[in-house]
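Colleague: Mind assembling these two chains? They're in different frames, but the hints should get you there.
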Amino acid sequence: MSAPEKKSKKELTIEQKINRRNFISFASFTVLAAGAFEGWRWLYKSPEEAAGGITAGARVPLRRALNQTELIFRRVFSPNHLVKTYPKSMAAKHVRVNSDIGVEAAKKFDPATWTLKVIKKGGEVLQITLQELMALPKTEIVYDFKCVEGWDQISHWGGVKFSDFIKHFQLDEYTKMEYVGMETPDKTYYLGLDMPSAMHPQTMLAYEMNDKLLPLEHGAPLRLIIPVKYGIKNIKRIGTISFSNNRPKDYWAERGYDYYSGL
Amino acid sequence: MRSTMKTIKEKHSFVMRWTHWVNFPILAIMIWSGMLIYWANDEYKITIFGHTFFRFFPDWFYHALKIPYHLSEGMQFHFLFMWFFTLNGILYILYTIISGDWRELVPKKNSFKEAWFVLLHDLHIRKMAPPQKKYNAAQRIAYTAIIFMGLGSVVTGLAIYKPVQFYYLTWICGGYHFARVLHFALTIGYVLFFVIHIVQVVIAGWNNFRSVISGFEVVNETPKTVKK
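Line by line, the protein sequences are chains A and B. Numbered per this note's numbering, the first sequence spans residues 1 to 263. Numbered per this note's numbering, the second sequence spans residues 1 to 228.
Simulated from the structure, these hints should not be mistaken for laboratory data. Quick reminder that beta carbons are idealized off the backbone N, C-alpha and C, glycines included. Check before you lean on any hint, since a few could be wrong.
Distance ranges between label pairs, derived from CB positions [what the hints assert, rightly or not]:
#1 B/TRP18 with A/GLN68: 18 to 28 Å
#2 A/GLN68 with B/ASN110: 43 to 53 Å
#3 A/THR13 with B/PHE194: 34 to 44 Å
#4 A/GLU173 with B/PHE61: 52 to 62 Å
#5 A/PHE73 with B/SER99: 26 to 36 Å
#6 B/ASP59 with A/GLN68: 34 to 44 Å
#7 B/ASP59 with A/TRP42: 24 to 34 Å
#8 B/VAL191 with A/VAL125: 51 to 61 Å
Just chain B, with the same shape it has in the complex (with noise of 0.2 Å):
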């Protein structure tokens, strides 16, 4: 006779959730801190042939969030989280790379193809998704691509904040001006990705989303029949 059972399967560490967790609301605060900035300088729009289709940021926009006349206060929160968004930043580096996590998270060499494939999965128009592990194909490029938009926002952060003492990450980052650019971009980066993320968080359902705090999933096994 064969039955389920159900099991506990470890997912996910004590530190990845909590730097996850952490992670959370100081970006929630760098991001709005950094538009408190940029605000007293708005010059970035979508311009295609001449035809302005988007611009950072409408004012309707401002006026919601409340963001116009508080450069100073902007930078004060700016740069203080910035040391906490670092910290946490290597801290989970620093574990992924230690308890051999970083294993399962970043892409192999099939995986961007594969991520094709879990792509044409999650859109309902392929019927299989590629076999994974911990993270499907899609997700350990995305998770690992965000670590390094995470470690290319305090570059250029640092390119744009020191652009005297720390000329040559300036130099790295094609210049104060391109260098804002990218710091800029790489947080409407964040945006999208939270977006897209919470939709795969929705859609995966309960005992995933449980298992970021809980750190675990509940299985059902099929146990094997033991003869008695």
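So here's chain A without its partners, still in its complex pose (with noise of 0.2 Å):
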């Protein structure tokens, strides 16, 4: 007769089952733990992009996720999605400066001697006078205002349309490209905003305030406001408008903040 010796194995008993268990779930619970951890530290310790690109400020792994992030939230985006509008009573009448960045009050300017320009291809510069902006149809808006930082404030403002501004300059074929350009006179602020944005139907150039031409601080004589992104993209005296394919060089992108900036 020979004996099964395949059957040597025995039923476990009910201690060791709960050893046996405790151990195996214990032990991947720790291993995941420390996996986390090391994760973590990977990302928290990871280095941060090269200084003197479009983007800086962040950490690498931290940049490609909220390039990433922009690219589902540009799905989202429509134009037929408007900024919440208020009635003109309910604006702010002293309205917040956040910001002095190229429009610094110890800076000599005159906005009598002030013209837009617009950077056309082969070099060309449309040169374009406040006068010729405010004989184009005018739009205003009083909308919530939107700061990075988490504060907001009702305000009131008008200018030219945007996609107006475009059309009267028949600039239609650069609207084909994806960014528009714009920095200050002094070119200390500068931002980039991809098109879509740009001609969103409530993005406008504004050169008034409580109806009343802009005031210095706020960015006279011409600045931009832009309700579907965060005060850090509404220039304040816009000397440059430029178009590219390419991301153009954008002022808070260069210090950690998203580039898109979108609400």
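Modeller: Take a look at the structure:
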């Protein structure tokens, strides 16, 4: 008679079963927890983007994540989604001044000598005066201006729709490009906008605030009001407008903020 | 003759344990990065009849956690980990629906009354706790509420993150301002939940804690005497 040696595996006792399952689960838990911690350390200590690029100031993987997230939310973007508007009576009388980069009071600037420069193909520069812009149909908006810091304020602006401006100065072909770039006359503040956001029906080149010409600290003579973006994209005192298929340089994107910054 | 013997009683499924533990670090990162963002406009406080009782947050708190001047960093982390928070939540909700575990989790008709007795029992005021299955009435309420809070965080978060594209969410949340208040209040809610949760876990003891890692509890059963 050949003894069934194979059958030597004994049924585990309940105590053994408990120990075995405890060991497996606690060991996996510890390994996974250590892995998660290492993953976190890798992310937290990952190197920053190289300075001097279009974007900077963020850890490389986090910047990649911001850019991927932008692609997802760009799909949601629709020019038919409008920012909520309010009656004029709700607009703030004292409009918050949060930044003066590019429009510092100490810098000499005479709005009377200002012209808007639009860089066209082949380096041709289109110069536009405030009078020319004011001759175009005026639009007004009273909406909740939103700062990346978290505050918001209902404010009232008047000016030319960016899309009207494009049409009037026959810049339509440039809207086939990916981005619009803008910068202050002293070139210290600058930004880039994706074309769909720039062409959104509520985006405007504003020259009025609360029915009066813009004060200097709010960007006289011409600033951007783009309700589909945070305040950081609402450049004051526009000097130059350009078009590009690559991201134009952007002041806050160089300082760790999302390039898109869309709302 | 009667004797007790140890038996394994299955308690928490793998998905339940996984989503629970994955959520812990994610939520911690979301709260931390959220504070980095909130600091840039830290306007909330508890004021009653003109007297401010508490300001969110005092300076010592900010400095202890190195919160000031990290807005952009906070946004980078927040808008990455929001995906994991949401996906993990969806996985958990889908699992409880498909597995039928939701039956153990959602409050029943008498849960609200029973939860009161559970509370009295936990505070050692009442001797008897109401009979329960996997979760008692207070747990049913808490664990269902926390899921709605998570959902609330995603909705109010989207309402302040994309208030133009998701204008209807912003509207549902009572506007941009109120959505931000809600988003903040929910976070305070998580912290309170966490504190109570930890206290309860400590009181409940090792067997209960282990079940959230290994999935089972060990119970002493009195087997029926079998005549030989």
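Colleague: Are there hints from earlier that the structure breaks, and if so, what are their numbers?
Modeller: Hint check: nothing fails, all pass.
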